[in-house]
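Those sequence lines, one after another, are chains A and B. Residue numbers for the first sequence follow the numbering used here, so the first one is 106 and each next one is one higher. Residue numbers for the second sequence follow the numbering used here, so the first one is 210 and each next one is one higher.
Think of the hints as simulated: they come from the structure by calculation, not from any bench. Just so you know, even glycine gets a beta-carbon here, dropped at the ideal spot from N, CA and C. Take these hints with a grain of salt, some might be off.
[To be verified] Short derived list, chain B residues pointing at chain A, Cβ under 7 angstroms: (1) Phe297; (2) Glu298; (3) Phe325; (4) Ile390; (5) Ser415; (6) Asn416; (7) Ala423.
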Amino acid sequence: MSNRTLPAWIDIGLIPLINICLAFIVSAGVIMLIGESPLEAVQVMLFGAFGYGEGIGYTLYYATNFIFTGLAVAVAFHAGLFNIGGEGQAYLGGLGVGLICLMLDSWLPWWALLPFAIAAGALFGAAWAYIPAYLQAYRGSHIVITTIMFNFIASALMVYLLVNVLIEPGSMSPQTRSLAEGATLPYMYQVFAAFGIEIEQSPLNVSLILALLACVLVWLLIWHTRWGYAIRMIGFNEKAAVYSGINTRRTIVISMCISGALAAMVGINEVMGAQQRVLLEFVAGAGFTGIAVSLMGRNHPLGIIAASILFGALYQGGAELSFEISTITRDLVVVIQGLVILFCGALAYMLKPTLEKLFLRYTLSKAARQDNLAEEAQS
Amino acid sequence: MRDWQFASDAQSITKHNNKAMTTGDKSMKFQLLALSAAVAISASATAADLKPAVVFDMGGKFDKSFNEGVYNGVERFKKETGIKYKEFEVTNPAQREQAVRKMAQRKADPVISVGFAQASAVEKASKAYPDTRFTIIDMVVDQPNVQSVVFKEQEGSFLVGMLAAMKSESKVVSFVGGMDIPLIRRFNCGYVQGAKYAVNNVEVISNMTGTTPAAWNDPGKGGELAKSQFDRGSDVVFAAAGATGAGVYQAAKDAGKFAIGVDSNQNHLHPGTMLTSMTKQVDIAAYNSFKAAQDGTWKPGINVLGLAEGGVDWALDEHNKDLITPEMKAAVEQAKADIIAGKIVVHDYMADNTCPAMN
């Protein structure tokens, strides 16, 4: 960071854009190999994601999940921790949301229930992140390993609970009963209908507002509080943080708990909003996508929102693609999504040195030309 | 959309043929030809109108099990009638409703929904699109435009349980399930009941492969489970575990034990090892839905397919006929008749989520 030679618009604007284009060029090659037209595919994908009301709704609905998990990864990342456990924390968070909703849904309307649901979800998600955090801070177990393993434990635990305990009696699929009608989050189309605006149906619900609110809160937390300062300091240089009197162990645990609580908000969107019940695998990979989202968004809330919309569009446009063009199977859609993640996440800095060189040469030659001009003017 | 264009192509070809015939001579033979051409026209007219669709579930259409059964059924329909169908494989829970709705929006009819997980999606879509016909497999959705196809897996499992117990010399038999869900426990429970019905003091060892959907596709672990069951004395194993079963059958073959297949007739996989298969005719259910829609005989309502309806059964063919003694066959056929007649009632695990036979 110290010897940054590129202006910000190249670093956070141009490089991701070039990376996306590269990913799409490689994808186009794959699509051509199976004998379909890449142009048509791009058209279908873009139209599916942004072209009509339902598509936009689904894009933003997926983006809501990715904002939550992206923020979760970002908060941990600022403390120098790589939280791979967003999937499990979101899963458990959904359980917390589900339990409190199942308990209170016949008594309370959704707006009264929401604070309890957020609290319960956050508590469950934070608790699930607390154990790996504790092991990292006080026992030195690596957080990457423990959080990955906790995803599997969460999955097994949820299957056990849904199959044996929470299952709706007589139901074939391992899922709880649906929540009472007034207790679920209003869909956005219902909200808009209340104002007399008609938009198409989609699972997009008021959780999106909660997600944007979470972005503001994370921004405040990381850059405008003492906790945030401590978190960032550990991320930059843990030894310096210790030296300056920060309790690193406690801060690691706290930042992981915040991270887990943020991931758990996926449960609000899914359990209380879109699915209206707890069911198997409702997280559907959002926890892992959050890692790519956070990387691409440079761990900043604004970047995370942009990256979330991109990935939401990939999910929704990808579904549309396999719907419209039958030779493009869902596996190929995963390939395209994987390429975008590869180029934007893993290879994010691949082009940076080249661009730096180009930019340097350009600015130097420009400076030299100006010098020449000045000399000519003098003589 | 492009899939459906073929159907209208077929129609125009038949029309063309018909035109050619009207210019022919006016013999008796011609009238017959014209008649058959007219029949062909009307058939292809319905063919052009029929836009069937399938929404596969998360396992995907090549899961070597349930979804693939449906795939085989609709492929057979496509081959026989030339009518293409539209398909979608969901990748996350939110896509179920999206896909089912979208099929209806695009005027697909009938729409087959694969698997119990799509029930709520079908319920919502069937209310929003009352003119579209839906068929859901493995679950009941009570709507006037929905046909629900469910199977009595416990009855088929009962029969193969009997065969296992009768074949076993150690009087220990075993079960390998896929993912631990009520449906698989229903298989397990029927199997235990059948084994104990045939041989009173038989012991049944049961294991589930896992608790996540990955358990449907883990032949390595399936093989390990089967081996450990053999170590504990089992000599016949029944796998109701999707693609995991392949590992179970291989382990049985390696150890010189017997195995029982599931869903489709898997007797041919390892002749001499495969004692029998418990067949669940998902493909026929899917095929029938499309076929009935084409013939105009499609009816909404619940379709329970048990032994009586041929929805589940045990498989006897040239690959396993040497393994089944006449006594075994007689006993199983007797039990089958008794179940159909209602003299034997096989307990359904999912009726009360318990299995008394396993205690």
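Each hint tested on the structure:
no. : hint   : result
1   : Phe297 : holds (5 angstroms)
2   : Glu298 : holds (5 angstroms)
3   : Phe325 : holds (4 angstroms)
4   : Ile390 : holds (5 angstroms)
5   : Ser415 : violated (15 angstroms)
6   : Asn416 : violated (15 angstroms)
7   : Ala423 : violated (9 angstroms)
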